[in-house]
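K.L.:
Heads up: the protein sequence lines correspond to chains C, H, E and A, in order. Under this note's numbering, the final residue of the first sequence carries the number 81; numbering is consecutive throughout. Under this note's numbering, the final residue of the second sequence carries the number 81; numbering is consecutive throughout. Under this note's numbering, the final residue of the third sequence carries the number 148; numbering is consecutive throughout. Under this note's numbering, the final residue of the fourth sequence carries the number 148; numbering is consecutive throughout.
None of these hints come from the bench; they were simulated from the model. Hints are supplied without guarantee of correctness; some may be wrong.
Unchecked claim - Here chain E is said to cover these stretches of chain A; the calculated rule only asks that three of the stretch's residues, wherever they fall, bring their Cβ under 8 Å from a Cβ of chain E: (1) 14-21; (2) 29-41; (3) 106-118.
To be verified - Here are a few chain A residues that sit away from chain E, every Cβ distance over 12 Å (derived from the structure): (4) Phe3; (5) Glu64; (6) Asp72; (7) Ala95.
To be verified - Now the stretches of chain H that chain E is said to cover, found in silico as 3 or more residues with beta-carbon under 8 Å: (8) 14-22; (9) 32-39.
Just so it is clear, CB atoms sit at the ideal spot from N, CA and C, and this is done for glycine as well.
The residues making up each chain are set out below.
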Amino acid sequence: MKVNVRLFAGLTEIVGARQIELDLADGATVGDLREKMAEKFPAVGPFLSSLVCAVNEEYVPAGHHVREGDDVALIPPVSGG
Amino acid sequence: MKVNVRLFAGLTEIVGARQIELDLADGATVGDLREKMAEKFPAVGPFLSSLVCAVNEEYVPAGHHVREGDDVALIPPVSGG
Amino acid sequence: MFFVTRDPLDPAPLVEAVRRDESGAVVLFYGVVRNHNDGRRVRSMEYEAYESMAARKLEEVGEEVRRRFPIDDIAIAHRVGHLQVGEPSLLVAVASAHRADAFEAAHYCVDRIKEVVPIWKKEHWDDGSAWLKGHAVDVAEPEPTSPA
Amino acid sequence: MFFVTRDPLDPAPLVEAVRRDESGAVVLFYGVVRNHNDGRRVRSMEYEAYESMAARKLEEVGEEVRRRFPIDDIAIAHRVGHLQVGEPSLLVAVASAHRADAFEAAHYCVDRIKEVVPIWKKEHWDDGSAWLKGHAVDVAEPEPTSPA
């Protein structure tokens, strides 16, 4: 399945895009998505451990299953306020 | 010596004036002033222990000597804010 | 900026006065007349002050807060007269580089104002009124007047 | 009232929104762009948000604060875009009957915003710029979603 992933802040600059498309196996988890991300964009590797995934605007753990059509975002460490 | 004493809040209502004149011996202390006050206005008696004296806009202890021309005020428990 | 006034309080000038370009946080406290106290319905509140001394004491409290907390600046305004429910009687503005200092300093400041500033309030109910009990000023233990 | 906006922040509507006739205290917090950080001179600050999620998270934080503290109400506004030194990026307003609750709730609220709301800032200096390190969101330990 194809999943669109939103990127923000420094991640946007590393990848060079605000949104990317990843090709994932059906039943893939957020953990799988992160591995695919590191594979496709090696420069993201050093930051992967600090990234958290949001699916449909809720933070989800690595074991969460992604479904086609989900609104997925990779969230770097936050610094609002 | 004659000393003018400012009164506030509930004290004004008990005494019926915003300012009174007391006749004190030269060298009188704030403690003496309070006694004179209780003598002249017996209704103030029950409240005397909670009253503090300010001389020239500074709180002073009971042993403080009052001088002619001092700006004296009796300060009931405060409730600003 | 420390003052006692009969006019409605406007927070904007206080916030302007305390903020520096170094400030990352401003905390603004509003003391507001509320519609209840000690289980009674309050209709309005009358504030009386020994005005000249109260303004001096507000400044003294402000200076004490400046000594105790690493803040950029502090401002205090207290209103007197007859206030309706919802109207602010007290504004305290504190600016600091870091937020914890502004929160702590503003809270401490309000506590001190209630202990030492010669202002009194009288509650008005539907069927009467009374001066609040208040806090007897502690002359034996004044606030510190030199740096701690 | 919880929102993310590109427009300059105005505190008055937030204070209006949170005050009730029961409220005796309103605490208003301003997070402001300051001219220094980590020993460097800051010229301006750029805020980026995952806007729709950030607005939801501000509301979630507000609801968490309402559950944890006996307050009358809370409102939060966060600005995004390019802000100059001295401009507020964040406003938090809390009203309560008693002042300690408003101070504590507002302080806790700001701490939580910095932990969970998807907003990022980039410092601009005279000779460059960088995204701030920030706080990795803790997914294993989300904020409580039911009453404590």
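K.L.:
Which earlier hints turn out false for this structure, listed by number in ascending order?
P.N.:
Failing hints, ascending: 6, 7, 8, 9.
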